[in-house]
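**Q** Read off the chains here:
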Amino acid sequence: MAELTEELSSVKAEEPGAPTKDVRVHPNPDPAGDSRAGTPTVIVDDLHIIYRVYGAATEAEKGNAANALMRLLKRQGRPQMKEVHAVRGVSFVAHHGDAIGIIGRNGSGKSTMLRAIAGLLPPHSGAVYTDGQPSLLGVNAAMMRELTGERNIVLGCYAMGMNPAQVREKYDEIVEFSGIGEFVQFPMSTYSSGMGARLRFAIASAKAHDVLLIDEALATGDRDFKRKSQERIKQMRDQAGTVFLVAHNLDVIEETCNRVIWLHKGKIKMDGDPKAVLAAYNSA
Amino acid sequence: MSQPESAIADAQAGGPSNGTPDKGQEPLAKLAERYGLRRAIARPSLPVYLRQLWERRHFVMTYATSRNVSKYSNSALGQLWQVLTPLMNAGIYWLMFGLILGADKGVPNYPAFLITGMFVFTYTQRSVSSGAKSISGNLSLIRALHFPRAALPFAYTIQEFQQLLISMGVLVALVLVTGEAPTWFWLLIPVALLLQTMFNVGASLVLARVGSTARDLNQLLPFIMRTWLYASGVFFSIQDKVVGADGDVFRQWIADIMYFNPAAAYIELMRDLLMESHAPRPYIWYVCIFWAVFALIGGFWYFWRAEEKYGRG
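Just so you know, the sequences run in chain order A and B.
Here the numbering used here is used: the first sequence runs in plain steps of one and ends on residue 284.
Here the numbering used here is used: the second sequence runs in plain steps of one and ends on residue 313.
Just chain A, same shape as in the assembly:
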């Protein structure tokens, strides 16, 4: 703990004028909310995340087992291995009742940061503190395209940690919400991209969450489904207390969020009221 705070203060000393300084921006949470409103739910403390990325192997080092052994023994990485510093020292505090939009260009570290908040990506340094278990709306990773919608619903629900009774209870609701009808009997590989997206969202949103992280879930589906899913997200936000929403569609952010964080190259460029931040983002 001591080294963390030390690091934090050293970063602050280095960049006294950096926009990250203002980590306690706190636009009014819903004043009508319960007594927990306004207490912190997620604290991100000088978070750094570094990915290792492997480039394509050259002809010389491909394949054969003996080369692989030599590399393992010498404990060498491949020369093409690169480190990507995806999130560089982000700090902020989120509170009960917040709906926080995260914007930024492609590759600015939005999704990476969400994963770190969800506790799915280990930080390189710094820390994320949370109340309860934040969950990412991202069940698609567990699903298998070759399998029927039916099997995928069951698999997806189990992957999110439901028990058999809950799966039975939610099954019809999921099919109904997704609106894919008898296609549920067919392999997902036969679905149109919209149908697949609807089923995925229906499964992912079938569970109640403490802190909810949504990554581009609203980008797909027809207009009718978009409306339905936005309603569902509003509902979930009422139950969850805190929602993080990554979207490139700024209208969605303006409609649903009371605070916006603008990430640029892994750092917070701006953090505050949606109108102000979006205006600055649009003019940038």
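Treat the hints with care, since some could be wrong.
Below, computed lysine-lysine pairings styled on DSSO-like, alpha-carbon distance capped at 27 Å [to be verified]:
hint: 1; chain 1: A; residue 1: K267; chain 2: B; residue 2: K30
hint: 2; chain 1: A; residue 1: K207; chain 2: A; residue 2: K234
hint: 3; chain 1: A; residue 1: K82; chain 2: B; residue 2: K133
hint: 4; chain 1: A; residue 1: K265; chain 2: A; residue 2: K82
hint: 5; chain 1: B; residue 1: K309; chain 2: A; residue 2: K267
hint: 6; chain 1: B; residue 1: K309; chain 2: A; residue 2: K82
hint: 7; chain 1: A; residue 1: K226; chain 2: A; residue 2: K275
hint: 8; chain 1: B; residue 1: K309; chain 2: B; residue 2: K30
hint: 9; chain 1: A; residue 1: K269; chain 2: A; residue 2: K82
hint: 10; chain 1: A; residue 1: K265; chain 2: B; residue 2: K309
hint: 11; chain 1: A; residue 1: K269; chain 2: B; residue 2: K133
hint: 12; chain 1: A; residue 1: K170; chain 2: A; residue 2: K234
In case anyone wonders, no lab produced these hints; they're calculated from the structure.
Position chain B relative to chain A; hints supplied.
**A** Same frame as chain A, now just chain B:
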């Protein structure tokens, strides 16, 4: 939800500035501590981890079955391949080693000897190699959902176990064809399989962790597996080849070391149960039990130690 009462009281005591005390002074770590927030990534204690894994048992089973179903979903014969693959394998080994290479000298009922060895070894080999990919090949899943990561190596081993059940049916049928008669010992086959499965789970947990950081392991594995295959006495009898008829003490010592190899031990155990003519070394049961317990406990502990690190690129 899990916020302690004291934290709430604390917040209320903070008055109108709730949640934003000491403008810009209090370190975030302290703030987190004051409100009872915990680090998102923290390794659960071993008993908690075991309980979480148990709670995910349905996911483990469904994931294993789903992988098996989707594996053959694109082929015309579909699930029939689960029987055809081991049958064809057995045919090729018998042709190669029994007829062409003539490795059957001095081994009674060589076809049964060979096929048993091959099926038992294949089970361990496939569990271990798929376990090595269970973390590195599922990064998207690990980065999207929260669950005890050990669920993945478990699911992969169970997937192999489901295939093994079919292979065992084929194996028993083939052994009967070669002229072995069923004995009461056959009732111990599930026990032998349980011991082997325990070892496989443990070994794939170890390799899952190793494979999650050492990406070159996948390139290296076929090489290791082939060496292991040759050292495990699948095609030949270790006792006959290493010691021979004269019963030299030093050579016997080497053979005993080779029988300590878990794959060799499980093969010998299964041959002992299936074939009346086969007499393994007397300590085989102990070796099998030792490896089952040691690998499962050690492997689980080793895997758990790095729980919070899986998923980093």
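**Q** Report the numbers of all earlier hints that the structure fails to satisfy, in ascending order.
**A** 11
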